[in-house]
Amino acid sequence: MAAVLESLLREEVSVAAVVRWIARSTQGSKDNPGEAAALSSLRPLRKEFVPFLLNFLREQSSRVLPQGPPTPAKASGASAALPGRPGGPPRGSRGARSQLFPPTEALSTAAESPVARRGGRRRVPGPARERGGRSLEEGVSVESLPGAGSRRLRGSGSPSRPSLTLSDPPNLSNLEEFPPVGSVPPGPTGRTKPSRRINPTPVSEERSLSKPKTCFTSPPISCVPSSQPSALDTRPWGLGLPPGCRSLQEEREMLRKERSKQLQQSPTPTCPTPELGSPLLNWTGGLTDELADPARVSSRQRLELVALVYSSCIAENLVPNLFLELFFVFQLLTARRMVTAKDNDFELSPGALDSLESPLFQSIHDCVFFAVQVLECHFQVLSNLDKGTLKLLAENERLLCFSPALQGRLRAAYEGSVAKVSLVMPPSAQAVSFQPETDNRANFSSDRAFHTFKKQRDVFYEVLREWEDHHEEAGWDFEKGLGSRIRAMMGQLSAACSHSHFVRLFQKQLLQMCQSPGGAGGTVLGEAPDVLSMLGADKLGRLWRLQERLVTPQSSGGPCPPPTFPGCQGFFRDFILSASSFQFNQHLMDSLSLKIRELNGLTLPQHEPSDEDGESDVDWQGERRQFAVVLLSLRLLAKFLGFVAFLPYRGPEPPPTGELQDSILALRSQVPPVLDVRTLLQRGLQARRAVLTVPWLVEFLSFADHVVPLLDYYQGIFTLLLRLHRSLVLSQENERKMCFLNKLLLLAVLGWLFQIPTVPEDLFFLEEGPSDAFEMDIVAPEHGLDSMPVVDQQLLYTCCPYIGELRKLLALWVSGSSGRSGGFVRKITPTTTTTSSLGAQPPQTSQGLQAQLAQAFFHNQPPSLRRTVEFVAERIGSNCVKHIKATLVADLVRQVESLLQEQLVTQGEEGGDPAQLLEILYSRLCPHGAQALALGREFCQRKSPGAVRALLPEETPAAVLSSAENIAVGLATEKACAWLSANITALIRREVKAAVSRTLRAQGPEPAARGERRGCSRACEHHAPLPSHLISEIKDVLSLAVGPRDSDEGVSPEHLEQLVCQLGQTLQCRQFLCPPAEQHLAKCSVELASFLVADQIPILGPPAQHRLERGQARRLLHMLLSLWKEHFQGPVPLQLLLSPRNVGLLADTRPREWDLLLFLLRELVEKGLMGRMEIEACLGSLHQAQWPRDFAEELATLSNLLLAEPHLPEPQLRACELVQSNRGTVLAQS
Amino acid sequence: MILTKAQYDEIAQCLVSVPPTRQSLRKLKQRFPSQSQATLLSIFSQEYQKHIKRTHAKHHTSEAIESYYQRYLNGVAKNGAAPVLLDLANEVDYAPSLMARLILERFLQEHEETPPSKSVINSMLRDPSQIPDGVLANQVYQCIVNDCCYGPLVDCIKHAIGHEHEVMLRDMLLEKNLSFLDEDQLRAKGYDKTPDFILQVPVVMLCPLAVEGHIIHWIESKASFGDECSHHAYLHDQFWSYWNRFGPGLVIYWYGFIQELDCNRERGILLKACFPTNIVTLCHSVA
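Listed in order, the protein sequences are those of chains A and B.
Residues 1 to 1230 in UniProt numbering are what the first sequence lists, from first letter to last.
Residues 1 to 287 in UniProt numbering are what the second sequence lists, from first letter to last.
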């Protein structure tokens, strides 16, 4: 590999030829014979070139770059930092790309701390890859930081870094050991690295499930540079390879020797002493940045060449992750370094410049120069970044210094950019609203299921609320806090149908809470600044240390974060895990798959390039938004589908190998995929909808277990994805092809996928993917989604928040240079969540010629017309069904009720067998259902045109309008009739059944309740006393009457009278009166009358008189009688007046006064309130009770007296007589 | 009548083992003249119910029942007209109506072949005339009319109060021109949980001193005082369920509530002691 570079540097071959050579398996015709010859000899190594190049650059930069966020580089791995298996010899079978440099046994044994050894659990046994090994080592060393004893510093296997340092346990409070970010204290040897505290990367569940996080952590650059290339350092990185082919083995061998030599030469680490650099560059906090000077670039030509090759590889998508490389380049651009005196001593021998004999980056100037060179080639990508990043780039003084032209272009791009990206904060939970259509009783198999689900919904939200309250608290644990409750709840979901209901709720809530960008990871930019601003700038020392920690990937996980469940998603993930219910998981997968299919197949509006400007603009915003909503929903659903689907196969144990793996493969290949993603991908590619399909597919695949990529089925998918990746060359712009931002999105998500641990590292580089071949597969329709500008920066950054790392890097540079704290703090403004629906799928009713015509009609109309017509049809159709229910069916129900009444009258109370009755009713009524279709047609005919007219622009041509109306009518009718013809009979049966049971129930206990109830008079102002108040008042009087009472307790006659008056008012104003209250009022009034009759009510008044005057009592009774007669609408239990208990009240009085009772009874008969017979019966039954003897006799007398009175038919006479006499007495007494 | 926790505790403190009689209520009113009677009664009733819930079990042991029954029998044997049952209930610190039920049940067990059904007992309590024994009928009736916390009459009063406030609330909504669905309509539509009113178009309630208002989708009327115990039960059984289905809403505790309980405003459950006056509705006019 080095040979290729060598020949390139010696200008034996051109850059273009090299790139062609890498990219294509066959020699291009453009290559000149000399080049071809030179390269063809290297052919076997072709695939290894790119990984070599990437590693090479990382290695080189590691010597110069100070700490900074690491650049992960999975692709590389040429030099082995760690043995593939602890202590094991490297195996050459896999990952040939990574074996350029053999592991140095001496080093690994000498240097490996037990912790670092853990880096050995790797999926692929074989030579460890530099990247992986080192990063792991760093990631792990963090965990062991305080007490690790010895800690290996940066990748020791690097050929460029000879010094292996073992440092003492770090003293965190020691500023010397933990210097401010960016200030690298130059040690005497200039090669030691101060211990650097690396922020612990939270190890999330899914990560622990995946294989060691080799690729996501730090690259060599994050480790300290030997600040000086010293004499020792001038050893050639190519090891002075002679031109031509050298076998890997040779190269490796030489490296090993070289390494051990280096090791001996740099025996012990030295303690770095802080020494500030040039006073001019001394900013607050002792931070110094070296001024990069274009004039001091050491080997321009060489750098230019390498930059060109590197850029070309990036441009051709030969690197796995575009943004990772950009990140690396940004790191180079923003590299800080101390200016030291030694720097000036450093001189290169001119002869070394054109070979690999000397380090590529000899100074910060070289780094910046190289970075700017590369950036110049990728202006187009840069100009499509968000406005904030552009601003930081345009303001970068180094960029200005090295390439004013590029800076000018960037500034122009910044000024023209509208790509403001804001990642919103997660919204608080909002419940899924109850939908009567789907959630009512009729959709459940039983009452029990319905009520269980009712409870479940509440438990679910209770759990959710508790999670919201506590999940950020330290020490709170999801499983401990909620696990058992969730499982108990899942345990109640017995019926399968309940599971599907619950899953529907779960999925809706998931979409509602997490689909918005905020829910998905909105804190990416918001997290670190919070800590910084909280601390305040005064504690700079600590601040810098903190900053240093923050620079390392934390929440966002750097430019290549592992798949995570940020924000609310964590709840749903944990819920699934805690529930651990296979039924739930199965239903969830079914539901997710269905929804994914539905959304993926959604006809997204087609762009009409020829649209009038204004309208299309408005439409476009809506369409882009709709696309974003659909895409984000799909990604979310696919992520969870992937999570659940691969859950059973993921575990903490290392992936199987050898025979075990083979048998697992054989088994797994039999299992059908949970969702046929391959077909969906193929279709998506064919229909040029990759921009929709691929991003969600990537989410799905990111949760795959280690075996998945080895399965034939998924291998096919990866092959397709790799080809797609290769074909997305950004510089190839073409009207018919994919939009730039669409490509960028795909490159970003695919690049991210290729860095996922479970995706084999060699996959990318092994793939022979001539991109031309890929193009052939596509039978492109006129306008696929891919060619529409559906992606904007907001969507790009929402889907790929890790792109924001670029901005962080630049912002950090700014903040570091100026000493401002939290330089990249960005105020995040919460925006409201879009709750727009995902858009209804257009009815799939298009058949026949008419349908084709309709399609054609829409083709040349603005897309909004189609949406309007479909919308109207959908709504009118649905309204039609509701209307039929409310009219035709309701009429039928009324008929049922009257029929039933007849039936009941003829058959008596019982009404016959209800089931039989129902059948009779069904047979009479169901034929009427046929009317529904005619009525439905009529309804749609009537309603649709108006709605279409109202919604379409006024200026729509008449012909277009009438066509649109007709289509709407047709579609609505079709929809309504389809539903009606399928369901009307069942609907009628259901309603009739409900009506029958209602009627039969009402028939039961209280026929009077069904009688006509009178309301208040129209003039009533509802000022009458409240029924509750009256019952309470009467109850008080009754309790006084019954006793026990204090001697001073009693009621005034006026109060009694007022009470009865109020009762009359209340009964006349029915506003607040409910039947139970009226019943109790009736009963209480009867009790009150009994106490009046027995003269038992204690009256307040002069001490002598504690009894009510006879006349007053009569008057009160009279008032009560008229209330009973006139104002009570329910039954009054007058027979209670003659109950043994109430009559017994008389027994206690001495002397016994019977006249009031006699009066009352006569009046009752008189007013027709009680029949004489009824009274006779009551009196008769009174005789059965046990009475004192005299009382029984008197009772008998009363009874005889009453019965002796003449019966009706001459009631009139009696009535007049009595009434007159009564009035007389009343008047006389008052 | 929004009370602070401290105010509420002061009132509750006065209610420890006070019998639920007219006289007790009168004294309470004298003690706290500034509080509304309805609020006091509501607090009294709730405190007493809590007390009964705590002590319920000890009155329902068979030994306790037997001893009560014997004491009742001895008492009425001496003087059937004396308030035997009522005095017994007050003496053992149990609700008179519940004591009446206990004794009635015991009595029927002794006198009927089959153990009495719940509905028979309820019916006899509603109408003591149906009780076969005249003396017991009188005793039971006396207990019921003298009990201001339990019994069919009190139940009816509570029900009536609840109904009346719902009606009042409905009128206020109509007056404000806010269209709504009531419980019956909701139930007919198949809703599983039904607040008193769901607003068809949500409104915003502005709070004094607050810039932002609170969205209200539903209103629940509670004709009682909102104390901790009842509020938490309501939250669990009703309010959160409503929130889970319909979003944020308003609870009106007509007889007041403990101020500190109104802590879920941001979460979407708002407490008031009256119909809010500062309501903002969605404007239909185009700006």
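Source of the hints: derived by calculation from the structure; they are not laboratory data.
Every residue, glycine too, gets a C-beta built ideally from N, C-alpha and C.
A few of these clues could be false.
[Claimed, not checked] Beta-carbon label-pair distances, calculated as ranges:
| # | chain 1 | residue 1 | chain 2 | residue 2 | range |
| --- | --- | --- | --- | --- | --- |
| 1 | A | Arg487 | B | Ala12 | 34 to 40 Å |
| 2 | A | Ser1122 | B | Val201 | 44 to 50 Å |
| 3 | A | Glu1126 | B | Asp182 | 37 to 43 Å |
[Unchecked claim] Pairs of lysine-lysine, DSSO-like flavour, derived with a Cα cap of 30 Å:
| # | chain 1 | residue 1 | chain 2 | residue 2 |
| --- | --- | --- | --- | --- |
| 4 | B | Lys189 | B | Lys158 |
| 5 | A | Lys882 | B | Lys189 |
| 6 | A | Lys420 | A | Lys455 |
| 7 | B | Lys53 | A | Lys454 |
| 8 | B | Lys189 | A | Lys595 |
[Unchecked claim] With the Cβ distance kept under 8 Å, some of the chain B side facing chain A (calculated, not the full set):
| # | residue |
| --- | --- |
| 9 | Ala137 |
| 10 | Asn138 |
| 11 | Tyr141 |
| 12 | Leu153 |
| 13 | Ile157 |
| 14 | Ile161 |
| 15 | Arg187 |
| 16 | Phe246 |
| 17 | Phe275 |
Worksheet item: Which of the numbered hints above does this structure break?
Response: Violated hints: 3, 6, 15 and 17; rest satisfied.
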